[in-house]
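Following the working numbering, the numbering of the sequence shown begins with 7 at its first residue and continues without gaps.
Be aware that a few hints might be false.
Simulated restraints on C-beta separations [said to hold, decoys possible]:
| hint | residue 1 | residue 2 | range |
| --- | --- | --- | --- |
| 1 | TYR82 | LYS251 | 30 to 36 Å |
| 2 | VAL38 | HIS10 | 40 to 46 Å |
| 3 | GLY71 | HIS216 | 40 to 46 Å |
| 4 | PRO47 | SER239 | 55 to 61 Å |
Worth flagging that the hints you see were computed from the coordinates, not collected in a lab. Keep in mind it's a predicted model, so treat the numbers as computed, not measured. Virtual Cβ for every residue (Gly too), placed ideally from N, Cα, C.
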Amino acid sequence: MSTHSLSVVHPNATIGAGVEIGPFSYVEDDVVIGEGCHLGPNVTIYAGTRLGKNVRIFPGAVVGGVPQDLKYAGEYTTTQIGDNTTIRECVTVNRGTAAAGETIVGKNCLLMAYAHVAHDCILGDNIVIANNVNLAGHVVLEDFVIIEGQVGVQQFVRIGQHSFIAGGSLVRKSVPPYIRAAREPLSYIGVNRIGLQRRNFAIDQINRIHEIYRILFVRGLNLTNAITEIEASVPVCNERDDVIKFIAETEKTGIIRSFNSLND
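Taking the hints into account, I'd like the entire structure generated from these sequences.
Laid out in structure tokens, this is it:
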């Protein structure tokens, strides 16, 4: 471990092998920092934070801060950051509340400068959040989500795996897996074909996803009839099951619709 003489690290913090902590950084009690982590200058790590291995945190970032939630009453909660995740300048990640008990950022994620991850958010693996993205409380991002800059995500919204959110969007409803979303109000604009190809999805898988969303968004069916048609006409596969399960689990927020259907 290499700790700069101008940093403050609580003696009860657990620091792994090969950790580097730059000047003016502050690490509280009840913190675990995995081996190989790098904390740049002026990084703040509050109690209850658990960093995996090889996490990189850049200047000005604050991890594990008290939730910005008036219902928070000082209960013990945690913040977990997965292996190989990078947290850039001035990112804030708040700890959980009694509702979920923890805020989680998965493995191999990139949180770019000035992003905010609020209390009780659950982020999967291999997620990219660009500059100035703000996630409200209780947001769920599944694996391989990409969010461009200046996006605001409303509380309790869920964004499905392999989806792509265009910059400047306001996400007020949940976004199903495998798609691209843009415009105002946020709408389905197509399948995330390029992203899926980059992640080695086969052409027949991508074609099935296209058929699922043609039924769901293009044919003008209501949601119940669209799900019935998908179950009847699309062969059983992981992609079909993922979409159906996602929709069933997001009744509280509802899902986005196609832009054309919003303007009919």
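Results for each hint:
no.: 1; hint: TYR82 with LYS251: 30 to 36 Å; verdict: holds (32 Å)
no.: 2; hint: VAL38 with HIS10: 40 to 46 Å; verdict: violated (20 Å)
no.: 3; hint: GLY71 with HIS216: 40 to 46 Å; verdict: holds (42 Å)
no.: 4; hint: PRO47 with SER239: 55 to 61 Å; verdict: holds (58 Å)
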